[in-house]
Amino acid sequence: MLMNEKRCVITGLGLVCAIGDDANECFESALEGKSGIADVKSFDTSACYSHKGAEVLKSNEELVDGRYDRTTALGIKAAGEAIKDAGLDMESDVSSEVGVILGSCIAGAACVEKYYNSKVKGEKGDIEDLKAMPASAISGNVADYYNAGGITANIVNACAAGTLSLALAVDMIRGGKGDIFLAGGCDSFSSLAYAGFHALRALAPSDCSPFNHSDGITLGEGAGVLVVESYEHAVKRGAKIYCDVLSTGVSSDAYHITAPRPDGQGQMSVISRAVKNSGIKFSDIDYVNAHGTGTAKNDESEFLSLNTVFAENNDLSVSSTKSMTGHCLGAAGAVEAVLTVKALKEGKIPPTTGYSDEDLEVLKEKAGHINFVANKPVERDIKYAMSNSFAFGGNNASIVFAKDPNTLNLTCPKQELYVTGIGMVTGEYNDETKNYKANLETEVFKSYGVKSAFLRKLDRLSQIQLLSGLKALEDSGLEVTPENEGAIGICIGTTDGPMTEIANFQKGIIKDGIDKGSAFAFPNTVYNAAGGYLSIATGIKGYNVTIANGFQSGLQSICAASGAIMFGYEDIMLASGTDECTDIDDEIYADLGLTGEGGMKLGEGSVTCVIEKDSSAAARGAKRYAKIAGFSSARDTSGNRLDNSRLSEESLTKAIVNALKKGGIDASDVKCIYGFGNGVSAIDDFEMSVYKKIFGDSIEVKLIKKELGEARAASSSMQFAMLAKDIYEGKVANGLAVSFGTSALYSAVLLTKA
Amino acid sequence: MNTEIAEKIKGMLVERLRIPEDELEYDSELFGDDIGLDSIDSIEIIVGIEALFGVDISGAGAKKEDFRSIETLTAFVEAHKED
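Line by line, the protein sequences give chains C and P. Sequential numbering of the first sequence, starting at 0, is according to numbering that gives the first Met the number 0. Sequential numbering of the second sequence, starting at 0, is according to numbering that gives the first Met the number 0.
Careful: at least some of the hints might be erroneous.
Unchecked claim - Dumping the calculated DSS-like pairs for lysine-lysine here, alpha-carbon to alpha-carbon at most 25 Å:
{"hint": "1", "chain 1": "C", "residue 1": "5", "chain 2": "C", "residue 2": "402"}
{"hint": "2", "chain 1": "P", "residue 1": "9", "chain 2": "C", "residue 2": "510"}
{"hint": "3", "chain 1": "C", "residue 1": "5", "chain 2": "C", "residue 2": "40"}
{"hint": "4", "chain 1": "C", "residue 1": "450", "chain 2": "C", "residue 2": "33"}
{"hint": "5", "chain 1": "C", "residue 1": "660", "chain 2": "C", "residue 2": "752"}
{"hint": "6", "chain 1": "C", "residue 1": "296", "chain 2": "P", "residue 2": "63"}
{"hint": "7", "chain 1": "C", "residue 1": "515", "chain 2": "P", "residue 2": "9"}
{"hint": "8", "chain 1": "C", "residue 1": "515", "chain 2": "P", "residue 2": "63"}
{"hint": "9", "chain 1": "C", "residue 1": "365", "chain 2": "C", "residue 2": "470"}
{"hint": "10", "chain 1": "C", "residue 1": "445", "chain 2": "P", "residue 2": "9"}
{"hint": "11", "chain 1": "P", "residue 1": "80", "chain 2": "C", "residue 2": "296"}
{"hint": "12", "chain 1": "C", "residue 1": "402", "chain 2": "P", "residue 2": "63"}
{"hint": "13", "chain 1": "C", "residue 1": "33", "chain 2": "C", "residue 2": "375"}
{"hint": "14", "chain 1": "P", "residue 1": "80", "chain 2": "C", "residue 2": "450"}
{"hint": "15", "chain 1": "C", "residue 1": "510", "chain 2": "C", "residue 2": "40"}
{"hint": "16", "chain 1": "C", "residue 1": "730", "chain 2": "C", "residue 2": "120"}
{"hint": "17", "chain 1": "C", "residue 1": "413", "chain 2": "P", "residue 2": "63"}
{"hint": "18", "chain 1": "C", "residue 1": "510", "chain 2": "P", "residue 2": "62"}
{"hint": "19", "chain 1": "C", "residue 1": "701", "chain 2": "C", "residue 2": "436"}
{"hint": "20", "chain 1": "C", "residue 1": "450", "chain 2": "C", "residue 2": "470"}
{"hint": "21", "chain 1": "C", "residue 1": "450", "chain 2": "C", "residue 2": "433"}
{"hint": "22", "chain 1": "C", "residue 1": "691", "chain 2": "C", "residue 2": "660"}
{"hint": "23", "chain 1": "C", "residue 1": "296", "chain 2": "C", "residue 2": "365"}
{"hint": "24", "chain 1": "C", "residue 1": "506", "chain 2": "P", "residue 2": "7"}
{"hint": "25", "chain 1": "C", "residue 1": "402", "chain 2": "C", "residue 2": "296"}
{"hint": "26", "chain 1": "C", "residue 1": "402", "chain 2": "C", "residue 2": "280"}
{"hint": "27", "chain 1": "P", "residue 1": "63", "chain 2": "P", "residue 2": "7"}
{"hint": "28", "chain 1": "C", "residue 1": "752", "chain 2": "C", "residue 2": "470"}
{"hint": "29", "chain 1": "C", "residue 1": "450", "chain 2": "P", "residue 2": "63"}
{"hint": "30", "chain 1": "C", "residue 1": "120", "chain 2": "C", "residue 2": "506"}
{"hint": "31", "chain 1": "C", "residue 1": "347", "chain 2": "C", "residue 2": "363"}
{"hint": "32", "chain 1": "C", "residue 1": "239", "chain 2": "C", "residue 2": "120"}
{"hint": "33", "chain 1": "P", "residue 1": "80", "chain 2": "C", "residue 2": "515"}
{"hint": "34", "chain 1": "C", "residue 1": "691", "chain 2": "C", "residue 2": "661"}
{"hint": "35", "chain 1": "C", "residue 1": "724", "chain 2": "C", "residue 2": "670"}
Derived by calculation from the structure, the hints in this document are not laboratory data. Computed from a prediction, not measured in an experiment: that's the story for all the values here.
My request is simple: use the sequences and hints to build the entire structure.
This is the structure:
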């Protein structure tokens with residue numbers, strides 16, 4: 000059996016949302032058509048045209064012990080249920096194997112609101128709120144809460160994040176990076192999202208009614224967490240198995256930052272990918288839990304897509320459960336995955352509610368040959384079920400669950416992976432501001448054919464990302480064409496994402512009112528906007544994921560990109576690390592006490608590396624900087640859990656040793672390390688002492704942050720890129736790029752001569 | 000054309016939609032190739048004009064052609080502004 004054909008199964012479920020406190024209650028409510036939509040209680044909506052939401056009527060304290068942002072609290076609640084349901088004893092050795100991959104759209108939005116409420120009044124913000132604001136904090140906090148020691152990641156592809164997290168967990172297992180993951184998504188109700196969708200006029204005036212009145216969404220909140228496990232691991236510990244996860248699909252529209260393609264091409268592409276990878280036929284799928292948000296644009300394109308790709312399937316049932324749960328954004332895919340697994344297991348399909356007799360007549364026309372499940376549940380045998388998620392940024396994700404195992408179609412032969420292009424955007428030191436800023440003159444973009452009409456829409460983070468992506472494509476000599484657009488993907492790592500846009504949007508609605516949010520600014524508050532714009536500008540239509548997991552995210556993006564090629568999803572991946580440095584970032588890092596005397600100097604930048612499989616590089620005669628010989632990540636569970644960037648000799652050593660093992664290279668043969676030292680003596684001293692223990696005193700350690708500042712995810716990407724360049728120029732034969740980040744995750748990538 | 004209104008609309012477009020000032024003329028095609036605005040931008044224009052002049056151009060029945068340029072927007076605001 001090839002590694003990538005490993006069976007993955009679901010062994011535990013956890014769910015909390017407006018229709019219930021656990022998976023069983025939510026599923027029973029959904030079958031009964033009980034809606035969780037009511038008048039919003041979290042904040043005053045009297046100035047808005049809509050007042051509806053699907054909130055969880057429990058305080059954070061009722062959800063979880065301890066002080067957490069609401070998004071994390073919801074995640075902890077659902078993860079706890081999933082752990083219990085899976086029969087996992089987190090006090091035993093198994094806890095060290097459990098990884099945590101969670102999706103979120105708005106991350107710590109409740110803490111963003113609290114923090115900037117204080118700041119706008121001229122008061123000092125609470126540092127605990129500040130620490131909980133970025134998405135980077137979520138998975139690590141959930142992992143620490145349950146003592147989980149496996150790899151963590153936060154997937155931040157807006158409304159597709161929940162499904163993408165499950166996809167990444169499956170790939171991690173098949174790629175040998177773990178045997179068991181808590182995977183899913185969580186998002187809280189927030190004034191930020193409410194004001195944003197209100198500004199876009201995308202909120203339904205009353206309860207949303209997907210595929211029916213299609214006059215907008217109703218926002219919800221919640222978390223869904225599934226235990227995704229290798230079959231062997233599940234059997235070995237005697238776990239109950241709900242079903243198999245066959246495979247997943249991920250694609251990009253490359254069309255618009257908020258709207259789906261009207262022709263449904265991106266949606267059809269992702270459904271087709273999931274069906275193909277799963278080794279089944281379109282006619283095999285019995286039930287699709289649709290994205291079904293209730294906006295006219297989504298519902299029209301989704302019905303078109305489903306009717307087109309499933310034209311040969313005469314017995315397909317479809318429903319959208321968002322009419323009851325509301326749209327839980329980054330949690331939506333995970334909430335719906337839990338409901339889909341329950342539907343498959345019990346042979347009962349929850350309906351889409353809210354149809355009058357007249358509506359049902361109209362539905363017959365609209366639904367085409369689909370059996371749309373409206374108002375009442377349907378009982379039927381389900382062998383194969385699919386759940387779809389489509390997001391801002393044009394990101395699409397699809398997942399297939401099955402009653403029985405299947406022969407997968409992930410037959411990509413094992414191939415070497417190479418770095419075939421590098422694009423760098425770095426900051427220059429400014430004596431006045433004491434930080435590093437990149438040059439983003441319009442002329443630079445014009446030279447790459449980017450029109451100012453497009454560029455003006457992009458926030459700073461998206462601009463830096465776009466520029467490094469364009470430079471990397473140019474450097475690799477890669478042209479995106481209709482023939483290869485689907486064989487190229489994007490993976491972006493970031494620490495703080497668009498925190499500037501988030502903070503400014505939040506400050507705007509604090510000042511002007513929740514009904515006065517900016518429709519122009521809101522799309523840029525999602526973490527995956529930068530990746531979305533890159534795909535729109537370049538026409539790249541393949542895999543697209545954004546990971547927010549601290550400084551090491553630039554290296555984690557290389558690992559995830561490599562996985563996407565290894566499984567045959569793509570031939571080529573653009574892997575980036577990107578973070579910006581604005582007045583907001585300056586303020587945040589100063590308030591955290593991390594800059595200033597003895598602290599780090601904040602930098603910014605974006606580095607994109609083209610990662611390509613051997614056959615593709617050979618076919619187009621691409622230059623090869625270096626070969627990716629091995630990568631590994633390890634997480635600390637022994638240190639002070641209150642410090643999520645804690646230093647851990649054991650984890651750093653483990654990441655390095657495992658990466659060397661994968662590459663078949665002895666520590667004594669390693670020539671150079673591009674390290675993470677950033678001028679903070681505690682970090683620099685720790686790093687050097689670990690290297691000396693592993694490699695001896697003479698190991699050459701290069702620290703780029705001295706010249707370029709702490710550009711966070713861009714720095715870890717830059718370390719990787721500089722090493723690749725050194726190898727290409729014959730300066731060294733091999734080397735490691737090493738970094739660490741939030742959630743105490745350490746990553747190491749080994750590069751050797753091409 | 001009331002240049003005072005036009006100038007205010009121009010300033011709003013530059014500020015809210017980050018349109019480079021030097022590329023924006025009173026007769027530039029806002030939704031055409033010149034400036035390349037889209038549906039999200041039109042929402043922002045509606046909100047921006049209401050904030051500036053208290054005119055709900057959407058509620059007052061503005062049509063697609065009223066959004067064509069700063070000139071047409073100015074004419075619409077002038078016709079519907081209550082002094």
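Here's how the hints hold up against the structure:
1. For the suggested pair residue 5/C and residue 402/C, the alpha carbons sit about 16 Å apart, so the restraint of at most 25 Å is met.
2. Restraint check for residue 9/P and residue 510/C: the C-alpha separation of about 23 Å stays at or below 25 Å, so the hint holds.
3. Note on residue 5/C and residue 40/C: the hinted pairing is violated, with a Cα-Cα distance of about 46 Å set against a maximum of 25 Å.
4. Of the pairs offered as hints, the one joining residue 450/C and residue 33/C is violated, with about 49 Å between alpha carbons and a cut-off of 25 Å exceeded.
5. Pair hint residue 660/C plus residue 752/C holds up; C-alpha atoms about 17 Å apart against a cutoff of 25 Å.
6. Annotation: proposed proximity of residue 296/C to residue 63/P holds, straight-line Cα distance about 19 Å (limit 25 Å).
7. Restraint check: the Cα-Cα separation between residue 515/C and residue 9/P comes to about 20 Å, which is no more than 25 Å; the hinted pair holds.
8. At most 25 Å may separate the alpha-carbon atoms for a hinted pair to count; residue 515/C and residue 63/P meet this at roughly 23 Å.
9. As the CA atoms of residue 365/C and residue 470/C are separated by approximately 45 Å, the hinted pair breaks the 25 Å bound.
10. A hinted pair counts as satisfied when its Cα atoms are at most 25 Å apart, and residue 445/C with residue 9/P qualifies at roughly 23 Å.
11. At roughly 33 Å between alpha-carbon atoms, residue 80/P and residue 296/C are farther apart than 25 Å, so this suggested pair is violated.
12. A distance of roughly 52 Å separates the Cα atoms of residue 402/C and residue 63/P; the hinted pair therefore is violated under the 25 Å criterion.
13. Using a Cα cut-off of 25 Å, the hinted pair residue 33/C and residue 375/C holds, with the two alpha carbons roughly 11 Å apart.
14. A threshold of 25 Å between alpha carbons decides the hint, and for residue 80/P with residue 450/C the separation of about 35 Å lies outside it, so the pair is violated.
15. Restraint check for residue 510/C and residue 40/C: satisfied, since their Cα atoms lie roughly 20 Å apart, inside the 25 Å limit.
16. Restraint check for residue 730/C and residue 120/C: the C-alpha separation of about 55 Å exceeds 25 Å, so the hint is violated.
17. Between the alpha carbons of residue 413/C and residue 63/P the distance comes to roughly 55 Å, so the proposed pair goes past 25 Å and is violated.
18. The hinted pair formed by residue 510/C and residue 62/P fails the criterion: a straight-line CA distance of about 31 Å is larger than 25 Å.
19. Annotation: proposed proximity of residue 701/C to residue 436/C holds, straight-line Cα distance about 22 Å (limit 25 Å).
20. At most 25 Å may separate the alpha-carbon atoms for a hinted pair to count; residue 450/C and residue 470/C meet this at roughly 16 Å.
21. With a C-alpha separation of about 32 Å, the suggested pair residue 450/C and residue 433/C falls outside the 25 Å cut-off, and the hint is violated.
22. The suggested pairing of residue 691/C with residue 660/C holds, with an alpha-carbon distance near 18 Å, which does not exceed 25 Å.
23. Restraint check for residue 296/C and residue 365/C: the C-alpha separation of about 14 Å stays at or below 25 Å, so the hint holds.
24. For the given pair, residue 506/C sits about 24 Å from residue 7/P by alpha-carbon distance, which is consistent with the 25 Å threshold.
25. For the proposed pair residue 402/C and residue 296/C, the alpha carbon gap of about 33 Å is over 25 Å, so the pair is violated.
26. At roughly 15 Å between alpha-carbon atoms, residue 402/C and residue 280/C fall within 25 Å of each other, so this suggested pair holds.
27. Taking the CA atoms of residue 63/P and residue 7/P, the gap is about 20 Å. The hint holds against a cut of 25 Å.
28. Distance check on the hinted pair: residue 752/C and residue 470/C sit about 23 Å apart at the alpha-carbon level, within 25 Å; holds.
29. With a C-alpha separation of about 24 Å, the suggested pair residue 450/C and residue 63/P falls inside the 25 Å cut-off, and the hint holds.
30. Restraint check for residue 120/C and residue 506/C: the C-alpha separation of about 10 Å stays at or below 25 Å, so the hint holds.
31. Proximity of residue 347/C to residue 363/C is assessed by CA-CA distance (about 21 Å); at most 25 Å being required, the pair is judged to hold.
32. In summary, the hint linking residue 239/C to residue 120/C is not supported, as the alpha carbons are separated by about 53 Å, beyond the 25 Å threshold.
33. Between residue 80/P and residue 515/C, the direct Cα distance comes to roughly 21 Å. Compliance with the 25 Å bound is thereby established for this hinted pair.
34. Proximity of residue 691/C to residue 661/C is assessed by CA-CA distance (about 21 Å); at most 25 Å being required, the pair is judged to hold.
35. Among the hinted pairs, residue 724/C with residue 670/C is consistent with the structure: their alpha-carbon atoms are about 14 Å apart, no more than 25 Å.
Going down the numbered hints, you'll see the structure goes against 3, 4, 9, 11, 12, 14, 16, 17, 18, 21, 25, 32, while the others check out.
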